[in-house]
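Heads up: the sequence shown begins at 5 in my numbering, then just goes up one per residue.
It should be emphasised that the hints constitute simulated quantities derived from the structure, not laboratory data.
All values derive from a computational prediction rather than experimental measurement.
No residue lacks a Cβ here, since even glycine has one placed at the ideal position from N, Cα and C.
Keep in mind that a hint or two might mislead.
Said to hold, decoys possible - Pair ranges (Cβ atoms, derived): (1) His488 to Asp262: 51 to 61 Å; (2) Gly247 to Gly168: 12 to 22 Å; (3) Ser558 to Lys193: 48 to 58 Å.
Claimed, not checked - Keeping only pairs whose Cα atoms sit at most 27 Å apart, straight-line, the calculated BS3-like set for lysine-lysine is: (4) Lys461 to Lys435; (5) Lys569 to Lys503; (6) Lys415 to Lys432; (7) Lys193 to Lys228; (8) Lys589 to Lys503; (9) Lys616 to Lys135; (10) Lys432 to Lys503; (11) Lys158 to Lys616; (12) Lys70 to Lys193; (13) Lys518 to Lys135; (14) Lys503 to Lys566.
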Amino acid sequence: MTGVTAEKHDSFIVPDGKGRVIMEFSGKSLVKGEPDASSFPSGGLRTTFEARGYTAWDPTSYAFVKGTTLYIPTAFCSYSGEALDKKTPLLRSMQALNHQALRVLRLFGNTDAKRVVSSVGPEQEYFLIDKDMYLKRPDLMYCGRTLFGARPPKGQEMEDHYFGAIKNRVSEFMRELDEELWKLGVYAKTKHNEVAPAQHELAPIYSEANIATDHNQLVMELMKSIAAKHNLACLLHEKPFAGINGSGKHINWSISTDTGINLLEPGDTPFENAQFLLFLVAVIKAVDDYQDLLRLSVASAGNDHRLGANEAPPAIVSIFLGEELTEILNALENDTLYVGKGKTLMEIGATVLPPFPKDTTDRNRTSPFAFTGNKFEFRMLGSAFSIAGPIIVLNTIVAEVLRQFADQLEKSRDFKSDLSALIKKTIKDHKRIIFNGNGYDPAWVKEAEQRGLYNLKNTPEALPAFIQPKNVEMFKRHNVFSEHEIHSRYEILLENYSKTINIEALTMIDMVNKQIVPAVFSYENELAELIARKKAISADIVTTPEENLLIRLSKLSECLEKRLKHLSEQTITVRDIKDSLKLAKAYREKVYTAMSELRLVVDELETLVSSKYWTIPTYAEILNSVN
Numbered sequence: 005m006t007g008v009t010a011e012k013h014d015s016f017i018v019p020d021g022k023g024r025v026i027m028e029f030s031g032k033s034l035v036k037g038e039p040d041a042s043s044f045p046s047g048g049l050r051t052t053f054e055a056r057g058y059t060a061w062d063p064t065s066y067a068f069v070k071g072t073t074l075y076i077p078t079a080f081c082s083y084s085g086e087a088l089d090k091k092t093p094l095l096r097s098m099q100a101l102n103h104q105a106l107r108v109l110r111l112f113g114n115t116d117a118k119r120v121v122s123s124v125g126p127e128q129e130y131f132l133i134d135k136d137m138y139l140k141r142p143d144l145m146y147c148g149r150t151l152f153g154a155r156p157p158k159g160q161e162m163e164d165h166y167f168g169a170i171k172n173r174v175s176e177f178m179r180e181l182d183e184e185l186w187k188l189g190v191y192a193k194t195k196h197n198e199v200a201p202a203q204h205e206l207a208p209i210y211s212e213a214n215i216a217t218d219h220n221q222l223v224m225e226l227m228k229s230i231a232a233k234h235n236l237a238c239l240l241h242e243k244p245f246a247g248i249n250g251s252g253k254h255i256n257w258s259i260s261t262d263t264g265i266n267l268l269e270p271g272d273t274p275f276e277n278a279q280f281l282l283f284l285v286a287v288i289k290a291v292d293d294y295q296d297l298l299r300l301s302v303a304s305a306g307n308d309h310r311l312g313a314n315e316a317p318p319a320i321v322s323i324f325l326g327e328e329l330t331e332i333l334n335a336l337e338n339d340t341l342y343v344g345k346g347k348t349l350m351e352i353g354a355t356v357l358p359p360f361p362k363d364t365t366d367r368n369r370t371s372p373f374a375f376t377g378n379k380f381e382f383r384m385l386g387s388a389f390s391i392a393g394p395i396i397v398l399n400t401i402v403a404e405v406l407r408q409f410a411d412q413l414e415k416s417r418d419f420k421s422d423l424s425a426l427i428k429k430t431i432k433d434h435k436r437i438i439f440n441g442n443g444y445d446p447a448w449v450k451e452a453e454q455r456g457l458y459n460l461k462n463t464p465e466a467l468p469a470f471i472q473p474k475n476v477e478m479f480k481r482h483n484v485f486s487e488h489e490i491h492s493r494y495e496i497l498l499e500n501y502s503k504t505i506n507i508e509a510l511t512m513i514d515m516v517n518k519q520i521v522p523a524v525f526s527y528e529n530e531l532a533e534l535i536a537r538k539k540a541i542s543a544d545i546v547t548t549p550e551e552n553l554l555i556r557l558s559k560l561s562e563c564l565e566k567r568l569k570h571l572s573e574q575t576i577t578v579r580d581i582k583d584s585l586k587l588a589k590a591y592r593e594k595v596y597t598a599m600s601e602l603r604l605v606v607d608e609l610e611t612l613v614s615s616k617y618w619t620i621p622t623y624a625e626i627l628n629s630v631n
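Work out the full structure: start from the sequences and follow the hints.
This is the structure:
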């Protein structure tokens with residue numbers, strides 16, 4: 005639940021009873037372990053004095069050797085059996101999706117498929133900066149992002165980084181990263197620069213959701229350790245630099261059978277088309293019914309800076325299908341002619357769809373959830389996220405809708421007719437979630453509100469959806485989470501949010517007191533002495549420029565003191581709030597607001613104070629630190 009990989013190393017040393025030891029390999033110790041669980045967040049799943057936890061070997065994810073150590077992917081649960089990790093509910097969600105999808109496939113006469121799995125390919129974005137610069141920024145070390153920083157003269161305005169040459173130092177890092185990942189069975193395929201200076205991306209080959217999740221955790225871990233070997237720092241925060249594109253982690257999600265059939269592939273025959281349409285509208289209905297869950301699955305203090313910032317999808321969940329597929333669904337709903345490839349009357353299960361290309365429209369980078377031919381791209385994740393949470397939600401909500409469909413169609417006496425009616429009704433009831441336009445346009449916010457879509461702008465607004473009765477019952481129904489496990493995760497997420505803002509506020513206060521204020525005062529003193537020396541020589545010497553600058557600095561210093569005091573007071577005041585949701589909201593509305601106000605003053609001071617005194621590396625220095 006920390007979002008990072010946990011390790012526990014055990015040797016195979018066994019006493020021989022004669023004062024010596026032998027190395028004895030035991031499968032028992034691999035299958036089950038009993039590590040201390042007291043150091044992990046539990047959200048109330050166990051009391052603080054109960055330390056025992058259990059690990060169980062996950063045979064669906066490959067074991068691997070790193071260095072000289074054999075690593076066994078494991079699930080982690082409490083003494084009473086509740087899941088303390090993200091792997092266990094992920095495996096449960098995959099099982100739920102498999103069960104319900106097979107029920108639907110049997111209705112189409114498919115008896116060959118024995119298993120249905122969700123496949124995922126996560127695109128990992130990150131920043132690489134010089135480690136020496138990193139170590140001079142307490143905010144980067146403690147918070148993962150810069151709390152101050154004036155806009156550099158040149159950022160990403162020229163749009164010259166994406167297709168620019170990969171710098172030698174970065175290329176060496178990427179080469180070693182590839183090699184180490186390949187050794188572990190992680191097939192990193194694509195590497196390139198991203199939009200912002202010092203920003204890059206790594207994309208792997210698709211794999212099953214559980215394996216992809218484990219691999220992505222390894223990717224993030226190795227990125228940091230290998231970067232350090234090259235005197236670099238890898239930043240995985242969603243928004244390390246204000247005014248510069250943040251880092252996301254798009255996950256490409258699809259569902260396939262063990263016989264090689266992609267259930268989101270349109271196909272070329274009526275049989276395939278009808279099956280595709282049913283699975284497609286199942287996803288559409290799932291996203292519409294549970295948009296709040298999808299939004300909370302990507303909610304964090306870091307991602308709040310990124311979503312809706314005209315560089316990432318808005319906080320409003322919608323689906324992009326493209327013009328062709330949208331027209332097809334409209335024709336089906338209204339029993340009208342589809343004219344995209346010649347006038348064709350659509351009939352489910354007969355001449356349902358004429359062959360059409362997988363991808364007849366351009367990708368929509370402003371869409372949170374976009375269909376890209378035979379898969380969906382979920383673009384709302386931040387780069388630091390474990391992909392387990394969003395995949396758990398996707399798997400489970402689609403499983404729930406497939407359950408509803410199977411319950412209805414298994415009772416059918418006229419499958420073709422009832423299938424057609426079900427697809428048409430689903431399109432009609434849930435077409436509000438389909439939006440092919442510009443998600444960055446302010447007009448979309450108003451339109452989304454008129455459609456009745458959620459706009460959960462920040463984490464405290466999004467998280468309560470987790471414990472809504474409808475959502476709790478859905479997770480319980482598919483045995484993905486117990487009610488206790490849901491409430492524990494809700495509390496952990498709220499606690500993590502509050503802790504994150506608190507750490508950032510304390511770091512900001514510390515930096516202002518120890519670095520910003522001394523720099524400003526030193527420069528003010530230099531100016532005052534310069535003015536005094538000039539006037540001592542002659543009253544006729546003009547000192548107006550120096551005086552005006554000193555006056556401006558003095559006014560900003562006064563404002564700095566007031567806003568620093570206000571932030572300090574707010575940080576102390578909110579600690580008395582006991583309710584976790586109210587506390588998170590207070591951190592958002594009071595502490596974060598006070599931080600933003602303080603930052604405005606500091607960023608302006610940075611543009612005025614001499615670099616001789618401003619020792620904190622600037623954005624310009626950091627973003628151009630790797631060559």
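Would the hint linking lysine 616 and lysine 135 be met if the CA-CA limit is 27 Å? holds (21 Å)
Next on the checklist: Does lysine 432 sit within 27 Å of lysine 415, going by the straight-line distance between their CA atoms?
Outcome noted: Given pair lysine 415, lysine 432 holds - Cα atoms ~22 Å apart, limit 27 Å.
For this session: Determine whether the Cβ-Cβ distance between histidine 488 and aspartate 262 falls within the hinted range of 51 to 61 Å.
Result: Violated: the Cβ-Cβ distance is about 33 Å, outside 51 to 61 Å.
27 Å limit on alpha-carbon distance, applied to hinted pair lysine 589 and lysine 503 | Since the Cα atoms of lysine 589 and lysine 503 sit roughly 12 Å apart, the hinted pair holds (cutoff 27 Å).
*Does lysine 503 lie within 27 Å of lysine 432 when you go C-alpha to C-alpha?*
Status violated; Cα separation ~44 Å.
### Task
For the pair supplied as a hint, lysine 193 and lysine 228, confirm whether the alpha-carbon distance does not exceed 27 Å.
holds (19 Å)
Notebook entry, point to check: CA of lysine 503 to CA of lysine 566, is that 27 Å or under?
Noted result: holds (24 Å)
Quickly compare the C-alpha distance for lysine 461 and lysine 435 to 27 Å and report which way the hint goes. Holds - the C-alpha atoms of lysine 435 and lysine 461 are around 23 Å apart, at most 27 Å.
- Query: Within a Cα-Cα threshold of 27 Å, do lysine 518 and lysine 135 meet the stated pairing?
  - Reply: holds (21 Å)
| Is 12 to 22 Å a correct range for the gap between the Cβ atoms of glycine 247 and glycine 168? | At roughly 20 Å between Cβ atoms, glycine 168 and glycine 247 fall inside 12 to 22 Å, so the hint holds.
Measuring from beta carbon to beta carbon, are serine 558 and lysine 193 in 48 to 58 Å? Hint holds: Cβ distance 57 Å, inside 48 to 58 Å.
Satisfaction of hint between lysine 193 and lysine 70, Cα-Cα up to 27 Å: Judged against 27 Å, a Cα distance of about 20 Å means the pair holds.
Hint check: violations occur at hints 1 and 10; the rest are consistent with the structure.
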